[in-house]
Every structure is written in C-alpha cells, then in structure tokens.
Amino acid sequence: MMRRSAEQLDDDRMLRESARNFLEARCAWMPEPRSAAMFADWHREIAELGWFAAGLPEELGGLGADSFQGLSLIEEAGRVLLPLPLATDILIMPWLMRRLPKALASLAEPLAAGRARFGIVREDVRSGGLRHMGGKLSGRGHLSLDAAAATHWVVLAGMRSVGDAALLCVEAAGAGFQPVRLLDGRSGALPRFSGSEAAVVLATGDEAIELAAEIEDRAVAALLADAYGALAAGLALTVDYLNQRKQFGQSLGSFQAVQHLMADAFCDLETLRSLALWTATALTGEPTERTRAAASAKIALGREGLAAASRLIQVSGGIAMTEDYRIGHIYKRLQVSAALHGGTESHIDKLAALSLPPTGRNEG
Amino acid sequence: MQRFIFEAECAAADAPPTSVFGVYLVGPTIYSFGSEEQKRRYLPGIRSGAEFWCQGYSEPEAGSDLAAVRTTARKVEGGWRIAGQKAWTTEAHFADLMICLTRTNTAVKSQAGLSLFVLDMQAPGVTITPVITIDGAHSVNSVFLDDVFVPDEALIGEVDKGWTYAKFLLNHERTNNAQVHRSRREFERLKAAAALCIGESGRPALDEPGLRRRFAIVEQKLGGLEVTVLRVLIDQTQGREPGPEASIVKIIGSQLQQAITELAMDVFGAAAVVAPEAGGGETAGWTERHLFRRVVTIYAGANEIQKTIVARSTLGLR
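If you read the protein sequences in the order shown, they are chains W and Y.
Per the working numbering, the very first residue in the first sequence carries number 1; after that it's consecutive.
Per the working numbering, the very first residue in the second sequence carries number 1001; after that it's consecutive.
Bound-form chain Y, shown alone (with noise of 0.2 Å):
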C-alpha cells in the first residue's frame, strides 16, 4: 500500500520509474530467499541505485513457456559454469549483475531442475548483442553466455529450487503488472495534449465527440482498474490471500495502457506518423511509446497464458 501511494506520486511528477529488476525483482527474491551475506552485499547497491540489474530468464525457447529453460550451471570445483543464451534481456548494455535462471538438474520434471544465480556482466565469457525493436530504440539484448564462471556464493537459496523463487516473485508482485499509476499520467497528459492539438475538422481535437467519447471510454477503465489494484491491496494489508481479482490486474492493465496509445495516435493523427527525426512538440514520445506498447501483452507472462491462468486456477475450468 505504502509503494502504491509513493508509486502515484512519482508518476504524478512524472518522475523516472525506479529500477524494476533491481527494486521489485531482485530485491525481493534476495531479501526472501538470499543468505546473509548476500543480503549485505547486493541490496544497499539496489536500494541506492548505484547498481543496476538485469533479468536473464527468457530465453530463444523459453519466452511464455519459462520453464523450458535450456542454459545449464555446471558445478565445478568452487562455483559453476553457465552456458547458453538469453533473450530480451532489457537493459542488459548497462547491468553490473544478472539475476539468471538456469537448469541444474535434467534427470527431473522441467520445473523442479531450475536454480537461480547471481551474475557479473563484467566477468569473462558475457557478450551482449543489441536488439532494435520495434520503435527503432535500443533496450533489449541477446545475451550470450560462454561457460562463465560463478562462485558458490553467488546461488540463490538451494539449488534447484529456483522456480519455486521465481514464482513466488509473480503471485507477489501482480499488481506491478497493472502499471495503473502511469496509465493515470499519461492518460491526464493525452486529455492536455488533445486540448492543445488541432483535429482534422480544424476544432480542437478534445472537442470531436467521437474523440470525448473515446477518452470517456479509457477514463471509465480505468476507473475500474484502479479500483481493481486497491482491492488486491486492501487483501494484502489485511493479510488474506489475494482475490480472484488479482490475477486479472495484468490483462486488463495491460490492454489499458494500449488503448491509451491507440487514442493517442487518433488524437495526433498524421502528425503521429512524421518519422520521429522530424518530429517534436507535443507529439514527441507517443508514436515510439505506441509501438514499443504493443509488447505489454506479450511480456511477464503473454495475456493468453494469463487467460488460461484465470479459466483454470480461478474458474476452476478442466
């Protein structure tokens, strides 16, 4: 509740997102399952910010399907051998460490070998290769991992136990997923913007009734989510397992924070499609982030798989 709140205010200053690996993904698992001296030597540097993770879970075989995990930790004498290859890793061009999930164990069901491990970026055997996506920006990598070596200090908890901490990590930190306080901003910023900006009927464009009546529509969502996240909250403070509801703030989340794009470019119209070079003014930042928006119902967890999740776990369908 305490990091909602704080989350509301920082988006309301549109202040830049606090590190999601190191603060919501690495932080916990460490401070969960991490030993003592692990504690001491990794979390200061994330609560200060002066080192920066990566996640190295996805893999070329392994993207909704994580259990497929195929790079495999080879124990040798006084630490490990990693060998394989990462996917998607965001921000890995400026990670100091990797949280990495790798197979330890292949004589058991696929989920039961996982380990998790803390990497070096620095250390020998790690190359990363930049991959442009879809909004012609550089955030994610392939990560190539050529037999490196970690220490045995650097495993997390108990070898092969990693999924357990892996999944612990989602049921912990849905509500994340709804990213419902930087939809609240952005969508405050589009009214402000379409206030300003010119139709194609020469009015400007917030006075278009269909335009109103799309904003109303996105306003009414996400009404709805907001109160969806609070509810989920409200049984966490409370200490009962989390409703229904919770597994839901992901897929509607993230349809949110695409309609909310997808009005933009309706608010900007041809404006939005002027190569971003030539571009500026109130448009710059819109057409990339529509793009890059497309990923928030493939990633954490593709909404298809989130659907089965709900029909199974939550309807009880078989």
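Chain W with its partners taken away, still in its complex shape (with noise of 0.2 Å):
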C-alpha cells in the first residue's frame, strides 16, 4: 500500500482534492445542530459524487477503487466532523457484495445510488447478544452509529461460537431499535430483534465469524481515518490560533510549555496515523495481522488519540471549552469512537491475547 504507484498516487490526489472541496463548500462545520433535510440532501449529494459506488467491483456498476480510496473519503469527512455516518456503506458493504455476490447483488445498485444504507448491528454480550434460529433473531443489539438511518442492517450475531454464529441482513424497516443522541450530537441507535423480522442469512459457523472479523476490523479502519481527520484538521486550527491569540504581550505560540505540549500532540497524531496506515494496508492482508494491526489502532485511538485531543483544549484554554469551539467536539467525536466497536480496554485485552502467550499454561 505504502508503495503505490504514480497513477494511482494521482488517483490518490485527485479523490482527495475533490472529496475535501466538496465537504468544505457543503459541509463546512459550524457548531448549530443541521436538520433532517439537510443529511438527506448532502447523503444524495454524495450518492451523486459517487462515493458509494467508488468501491465496488466493476462487474455490479462500480468503479474498483481500494479500501485506501475509500478511507481518505472518510479522513476528509472526520475533517469536517461530518454527523453523516459512511463507513459501512464506503468501506465495508462494497468489499462483503464483492465477497457474497449471490446474497447481496441486487443491493448493489440501490447502495451506489443511495436508496440503500447500511448499518452494522453488533451483538450486545452484557444483554444476552443476539441469537439466531431458523432466519429468527431475538436480543438486543449493541449501540451502532448507522442503524438508525440504515434500510438494511447487517447482523453479527452469536459471533461467541461457531455453532451459534451467523451474519444476517435485515431490512430495517420490519426490526425496531431505540433511537439515541450521541454525545458528540450524532445519532445511534440500540437494536433490539422480537423474532419477526425479516432475515436474510448470508453467512454461518467460521465463515460467519471471519466475515465478521473482518467487518470489525474494516470498521476500526473507518474509525481511525475519521479521528486522524478530526485531529489533523484540529491540530491546523490550533497552530493558528495559538500564533494569533497574544497574552503577556505575546502569542501563545511563543510559549515553550505551549509549544512542547502541541510537540506531544503531534507525536500523539503521528502514532495514530501509522497505525491507521498499517490497518489500511492489513485490511487485504492475512487475518492475524489485519486483526492485530486494528486492535493496536484501536487502542491508539482511545489513548493517543484522545490524549492529542485533550492537549488541543489544554493549549487553547478556555475557548476549547465552548459549545462554539471546534476543538471539544472534536474531543467528543473521539470520545464516541473510542466506544465503538470494543472500547479501548477490550482491545487491549485483544492485542494481549494476540501477542503474549495464553495464560495458564503452566497449570495442571
């Protein structure tokens, strides 16, 4: 990945350019909540430019780009803290219709044009997860940040073993949930399944589990670029405003304990953005390292990630504190991420289990 070549770099560029005109021109951030008409405008919009056919394979309509395409999308969306949720449609449904053709063909279409969205609906362990029999699903689902204004939900349930394990697709409209505000203002939904939705099963046993390993792993992708967005672009707005703002007669900018602590920042953001890279790049790698280079991004996410956040309030003092501020939100937008999709303390766990030998081995 890291070595692309000099067509797709200017492909690269160009997608970039082009997302990062769009955003700022449509989507600019401002601190007032947008109406539901407006999502819906920006998500038909975007439909328009294409970003949800980008990623899928010529043969069903699309136009082949890679997940690192579609993760720069993202990126320049986290720039702009855009409250649209479009990981699962850019960067996860264009690779499972590339892998269960036969299921998820004819949704293809209706995805590129944007009639179609997709949510991804985890199980929640703690209420019992998610249970399948015979196309039947019943439990609560965990808090997911697309279900709410998906059509179709992608289900992972009974992922704890394989006899239990299966990967759904439900349509929405049929299956209830209830509807959260998110701290960062965003919305989520928290699933819950009565046993008469409609349920399409695309997968069983291991096939289930990998898939949905990979689906895990692709939406920690998702998060990472959209914190590296918010960060970088946060990091940006802070430099300026540190060399503009004056106190003691001088600016903020001028001060060692301020310029050390944005060092640190930085540093912070860099770690994250490697990660997000190797994660990138391991999405089309074998799964232990795609698994072990996501658990590890994750974690950045909820430690450098947020610590790079946290310092971005702590330089720019009490403004970083106002509703009006972008920095706080974007503290808030990393805040929800790091409890998506296995909080940073189960990642932890993960990455120990990854790397370490198991525990208990020299018992019995």
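Don't take each hint at face value.
As the list claims (entries may be wrong) - Chain Y regions said to be covered by chain W (calculated; three or more residues, Cβ under 8 Å):
#1 1120 to 1127
#2 1194 to 1207
#3 1212 to 1225
#4 1248 to 1254
Source of the hints: derived by calculation from the structure; they are not laboratory data.
Each residue gets a CB set at the ideal place from its N, CA and C atoms; glycine is no exception.
Taking the hints as your guide, dock the two standalone chains into a single complex.
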C-alpha cells in the first residue's frame, strides 16, 4: 500500500481534493445542529459524487476503488466532523458485496444510488447477545452509529461460538430500535429483535466468524481514518489560534510550555496515523496481522487520539471549553469512536491475547 | 532501507551493534565532505572495524546547546593546535581517532565559526579521564585536549563549515535514533523472560493481568513506531523530502526504549534490585540497562530540544 504507483498516487490526490472541496463548500463544520432535510440532501449529493459506487467492483456497476481510497474519503469527512455515518456504505458494504455476490448483488445498485443505506449491528453480550434460529433473530444489539438511518442492517449474531454464529441481512423497516443522541450530537441506535423481522442468512459458522472479524476490523479502520481527519484539522486550527492569540504581550505559540504540549500532540497524532496506515494495508492481508493492526490502531484511538485532543483543549484554554468552538467537538467525536466496536481496554486485551502466550499454560 | 533490513537482522540475532561513531557518523561525514586522501585513509578502517572512533562534540558548557563549543583550533605552521575539554565522550578509552568539533573563528555568530578535525587519540596532549555512570559502568569519559597538534590534512571540508556538516548528519541519521529494531528484540526477550519468571502472586509474571495490559500497550506503541520509521525510510528511498514524522522518531523511540526497561523492572520485581554482583540468570543486565536507559531522552539532542524543533519547524508555532 505504501508503495503506490505514480498513477495511483495521482488518482488518490484527485479524489481527496475533490472530496475536500465538496465537504468544505457544502458541509463545513458549524456549531449549530443541522436539520434532517440537510442530512438527506448531503446523502443524495454524496451518492451523486459516486462515493458509494467507488468501492464496488466493476461487474456490480462500481469503479473498483481500493480501501485506501475509501478511507481517504472517510478521513476527509472526519475533517469537517460530518455527522453522517459513511463508513459502512463506503468501506464495508462494497467489500462484503464482492465477497457475497449471490446474496447481496441486487443491493449494489441501490447502494451506489444512495437508496439503500446499511448499518452494522453487533451483539451486546451484556444483555445476552443476539440469538438466531431459523431466520429469526432475538435479543439486543450494541450501540450502532449507522443503524438509525439505514434501510438494511448487517447483523453479527452468536459470534461467541461457531455453532451459533450467523451473519444476517435484515430490512430495517421491520426492525425496532431505541434512538439515542450521542455525546457528539450524532444519532445512534440500540437495536432490538423480536423474532418477527425478515432476516436473510448471509453466512454461518466459521465463515460468519471470519466475515464478522473483517467487518469489525474494517469498522475500526474507518474510525481511525475519521479520527485522524478530525485531529489533523484540529491541530492545524490550533496552530493558527496559538500564533494569533496574545497573552502577556506575546503569542501563545511562542511559549515553550505550549510548544511542547503541541509537539506531544503531534507525536500522538503521527502514531495514530502510522497505525491507521498499517491497518489500511493489512485489510488486504492475512487475518491475524489484520486484527493485530486493527487492535493496535483502536488502542491508539483511545489513548494517543484522546490524549492529543485533550492537549489541544489545554493549549487553547477557555475557548475550547465552549460549545461554539470546534476543538471540544473533536474531543467528543473521538470519545464516541473510542467506545464503538470494542472499547480501548477490550482491544488491549485482544492485543495481549494476540501477542503474548496464553495464561495458565503452566497449570495442571 | 537496506540498512534498516540489515539492522533488523542483526538485532534479531543479538549481534553486537556496529560502531555508531565510525559507521553512522564519521563514515558519512568523510564520504560526503572529506578529501580524496581522507576517504582513502579512513574509510577502509571504518568498514573493516580496524579503527575505532569517538565523537568529540559535547563539552561541559555545550551539551544540547552544541553551538556553544569552546574548544579552539589555532592555526600554526603546517597544521592546527587544538585546546579545550570534551565531555561525555563515549568509548574514548578504546578509540584510535576522534572527530572533533572546534571553534576556528570567534568573530562570527556561534554556529558559523566551527570546524571539524580528525584527531589522533595517541597524540601528545590528549588525556582521558573515566566518568562512571548511573549503572556503575565506564563507557563515557572526559577528554582534555592540551594544545594537541593536528596537521592541515586533518581538517574535514572547509574551515568554519563544521556546523553545516554536523547538521547534515543529524538530518541524515534521524531514523537511527529510533533504535526500533533493538527495542523489538529487547521486547521479545522480555516477553520470553516474563513467561518464565514467577510473579509475586506465585503465577508466571506474564499471567498477571496488569502486566499483560502493559505488554500490550508497549506492543501497540512499538508497532506504531515501526510503521513511522518505515514511513520516513520510504520517503527517503523515493527521494522525497522527509515528512514531518521524521522529526518525531527520536522522541517516540527514546520514550519507548525507556518504557521497555521500566516494564522489565516491574516484571522482575525484587530480583531486579539486588545488587548486580549477586544477581544472575535472566535479570542479569536488565537493571543496568534500565538505569543507563535514562540517557536516551537526553543525548543526541534532549527530547525537549526535539520538541521545540517539532513545534517551531514542523508545526510553525511562533
């Protein structure tokens, strides 16, 4: 991935520039919440720009873009803290449609056109998980970022055992969820199933577990791209502010204590960037490395990412405590991301399991 | 990139590190700025390891503020007389030659009047005094230079251009400061040791949830640094200017080096604080390495200097 051809690099740059131009012109960040009508307009315009078609294979009417290009769109959306969830439709569904063309090909054109929107529903183990039997689902889903606006849910059920594991596609219209407003103003959903939903089984057993693991790793890659975009834009904003704001007769940026906090924030941001790049590369590689990269990246989001955002608040001072200033919103967005698709501590456990010998091997 | 791979393999095999000063510092300086005669005379000895070098940069009054160097080189018939004191000179007591930063012009701005010389450590007027460090070992020295004569041919490049040469090297060599391969190898060895070492609860140390958590966090940071160093190297091999991440590998790499031995101290617990002469087994060397490891955030430009450079040059704070 890091070695992209000159042609690919040109494509990457053009895609990124056009995305940035569109987002800054139409979706520039502002503190006031936007209307549902505005969200619908944005979604339609983004579909017209071809973002959802980009990652689909050519035989499904797509452009065959790779996950790097999908991630750069998500990163650009992160820069303006776009409140629309795009990750599933840009990064996960085109790949899943490629993997499961029989079951999902008919949804490719609606996805590309923006008529079909997808949400990922993971099970909430604390409330007993999601059970699946004969096409019927029951139980509760974990907090989902994209289920509320979706037309279809991809449901990861029974993932704790091969016998129960199933990956399903459910029409959202017949399914219930409790809408919730998230810390950063975005909409979330707590899905629940009563057994009456129309569910299509996409995969079961080992295949379902493998696909679910890759869905989770892709979701993490998207969260990282989004967080990097948000933080990189926040860092640039903060540099400008520190060079312009004067206290004690000099710019804040000239104080060494402030400079060192900013250098620390930059180190954190670049660590996050490196792990995001590794994860993006590993999406096309073998599963163990992919999951190891994604776990490392998710830890970086929760540790280095939040540390960087809190340093940006600290150096900006009081203004960053206000609802009108962007930095606080970046902090809240990262806080939400850190809690999704497995919290920081659960990814630390996962990475320990992947990189250390198992416990208890000297017993018995 | 080839060096990165070579060093990865050396570290994985626990091979002793190659001489930092000869291979990484003096060699590149001489092949970039030295005369044909100097290349012919010094490069083969560096390559074969027959000649050992030390670095005469730091002084009692010029540590992180390297441009404050006071050692002077005075022009005399057929050469120069060098007078002053060098500090923290690593392995001066083994060295055949020193690359010596001196002031040749006091009339100009501090960075402008410096020159680089090759100095024979056996020459009359060179006195080496050991400095015992925090780990109880002798690796650094004070070197007193009492009107040491060096011939005209000992000057590297041009007079008063020494700062330019020193800076070129710092930019050229930043990835080396990350020590990423040595950290990876050391971390893998610590994992192996922690699997065998019994923790305070009577279980293997690597079964302790708190330690497992810390191992995972170091794993994550090390993974990040490995990729960051590769990003710098890819920019170099593709002939691009180093990106902003080049400036931070020293900061992150040094912090990580310390994190690994800090973790080792917690893995070994009481066994690690028994004086070295009584120790042995797997803890041998860890405590001493841990103590000396404090230096990595100080040397090669203290991390505070690096952070100021990042803030001003990379981020543009003013």
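For this structure, which hints from the list above don't hold up? 1
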